[in-house]
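Chain order of the listed sequences is A and B. Counting along the first sequence from 1, when you hit position 49 you're at 48 in numbering that gives the first Met the number 0, and nothing is skipped either side. Counting along the second sequence from 1, when you hit position 147 you're at 146 in numbering that gives the first Met the number 0, and nothing is skipped either side.
Worth double-checking, as some hints may not be accurate.
Copies of the same chain are indistinguishable here, so a pair counts whether it falls within one copy or spans any two.
What the hints assert, rightly or not - Within a straight-line C-alpha distance of at most 20 Å, the following computed EDC-like cross-link-like pairs (lysine to aspartate or glutamate) qualify:
no.	residue 1	residue 2
1	Lys139	Glu199
2	Lys88	Glu160
3	Lys240	Glu223
4	Lys52	Glu206
5	Lys41	Glu223
6	Lys18	Glu31
7	Lys11	Asp131
8	Lys42	Glu223
9	Lys139	Asp107
10	Lys171	Glu189
11	Lys73	Glu31
12	Lys89	Asp124
Since the hints were derived computationally from the structure, they do not count as laboratory data.
2 protein chains.
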Amino acid sequence: MEITSLQNNKVKEWMKLSKKKYRDEMGLFIVEDEHLIEEANKKQLVQTLLVQKGYHHSFVGLPEIIVTDEIIKKLSSTVSTNHILAICKKPIQQIEPKRCILLDQVQDPGNVGTIIRTAYAFGFDTIILSKDCCDEYSSKVIRSTQGALFHINIIRDDLKEQIQSLQKRGIKVYGTSLQGAKELQSFPQESLVSFVLGNEGNGVSDEILSLCDDKIYIEMNRFESLNVAIAGGILAYYFRK
Amino acid sequence: MEITSLQNNKVKEWMKLSKKKYRDEMGLFIVEDEHLIEEANKKQLVQTLLVQKGYHHSFVGLPEIIVTDEIIKKLSSTVSTNHILAICKKPIQQIEPKRCILLDQVQDPGNVGTIIRTAYAFGFDTIILSKDCCDEYSSKVIRSTQGALFHINIIRDDLKEQIQSLQKRGIKVYGTSLQGAKELQSFPQESLVSFVLGNEGNGVSDEILSLCDDKIYIEMNRFESLNVAIAGGILAYYFRK
Numbered sequence: 000m001e002i003t004s005l006q007n008n009k010v011k012e013w014m015k016l017s018k019k020k021y022r023d024e025m026g027l028f029i030v031e032d033e034h035l036i037e038e039a040n041k042k043q044l045v046q047t048l049l050v051q052k053g054y055h056h057s058f059v060g061l062p063e064i065i066v067t068d069e070i071i072k073k074l075s076s077t078v079s080t081n082h083i084l085a086i087c088k089k090p091i092q093q094i095e096p097k098r099c100i101l102l103d104q105v106q107d108p109g110n111v112g113t114i115i116r117t118a119y120a121f122g123f124d125t126i127i128l129s130k131d132c133c134d135e136y137s138s139k140v141i142r143s144t145q146g147a148l149f150h151i152n153i154i155r156d157d158l159k160e161q162i163q164s165l166q167k168r169g170i171k172v173y174g175t176s177l178q179g180a181k182e183l184q185s186f187p188q189e190s191l192v193s194f195v196l197g198n199e200g201n202g203v204s205d206e207i208l209s210l211c212d213d214k215i216y217i218e219m220n221r222f223e224s225l226n227v228a229i230a231g232g233i234l235a236y237y238f239r240k
Numbered sequence: 000m001e002i003t004s005l006q007n008n009k010v011k012e013w014m015k016l017s018k019k020k021y022r023d024e025m026g027l028f029i030v031e032d033e034h035l036i037e038e039a040n041k042k043q044l045v046q047t048l049l050v051q052k053g054y055h056h057s058f059v060g061l062p063e064i065i066v067t068d069e070i071i072k073k074l075s076s077t078v079s080t081n082h083i084l085a086i087c088k089k090p091i092q093q094i095e096p097k098r099c100i101l102l103d104q105v106q107d108p109g110n111v112g113t114i115i116r117t118a119y120a121f122g123f124d125t126i127i128l129s130k131d132c133c134d135e136y137s138s139k140v141i142r143s144t145q146g147a148l149f150h151i152n153i154i155r156d157d158l159k160e161q162i163q164s165l166q167k168r169g170i171k172v173y174g175t176s177l178q179g180a181k182e183l184q185s186f187p188q189e190s191l192v193s194f195v196l197g198n199e200g201n202g203v204s205d206e207i208l209s210l211c212d213d214k215i216y217i218e219m220n221r222f223e224s225l226n227v228a229i230a231g232g233i234l235a236y237y238f239r240k
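Bound-form chain A, shown alone (with noise of 0.2 Å):
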């Protein structure tokens, strides 16, 4: 199949997965990079591939769909040349959270990548989102998680109930505080455990804390705070499995 036209109906649709609304409704999302593709492959969440005409990929047995420069382009989230690109469905979670960082908030794209990226490198199995975090499924999250976001538990929830889910199972969850928290070296290094990150902001919302069974402080030199991913990259690190 070939498609030229900007004005195929097809088009009309992949374009609308820019915004988070219809990657919702449709339950799809476009990936970028030949080796983030790679990485959603694995999970078998490659729906369509859209090839530019005359461009060789290695993929084999996936539906493709051949498709003009322009048209990738115009589907394409950033300037720099793209030749093929992914439409992708939604995984489907299953799993039940053991190991989670929990996410309050968290507004930049850049930063809920890296930290999904993290904890996947330090061996945790959950995200969870509240539902107010920018949505996971946009090209600048995708990007920054280096294809984590495939072979990770994302859930967007209520944290409340998500928490006192994990509490009920015996699961510690610790928030992430500047002031009345305890120093990170006084906890112990044990791995069944989750944490909270906050707003960039803001931090973790009082509410939140109060649902927590601790709240943590990363030492500093001075009082500062951390960018919330960094925050996020030393406590994987310290309860890393």
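Given chain A's structure and the hints, the job is docking chain B onto it.
Then chain B, alone, in the frame of chain A:
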């Protein structure tokens, strides 16, 4: 003094400050957020404030020029609304570096800025950038540092010379590497150390690694790579003062 025209010569000069070349030539850079201007002012770096007509600010005793909304917009790097900008002079670096984070070809402004912010929080005194790192005075870097840029020593130089100079003064310099490196936990947690972080795609170059006293590997649950700022955060915390 008041300037109302985009064609004004001063405005044209300031517009050039969006480019590294001119920032280097003039020794000036632009700071955009009010809380960042405050941080720059603590170090007497503000040369001139550009204030939107009718806007009231809290800076006292600084030279200022009243400008139009249009001029502020033209000089701003973001779409968010600024009412005040500061033309700042680059600081003169004069302390002897002891605890340094060295950056080998780190390209992403967000990464460089976050590393500077983290280094400051954990008591490092100097950031040494290889000549091909991205410019530390770009608006994106300044924003990511959250003002830490003005409180830490910054050197842009040949890394080889800088590593040798640190070593001559008895300071150990560690490289980060995924291959042939020792686990982080096997290093003593001493504070008089420096370490090198590498390019987003390629890591620290072999030439630089060969000069290092030792190579560090951050223990992970699976063979992955970490975002360079995350790796930096974990090391900076481990070797914190």
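Tell me the numbers of any earlier hints that the structure contravenes, in ascending order.
Failing hints, ascending: 2, 4 and 7.
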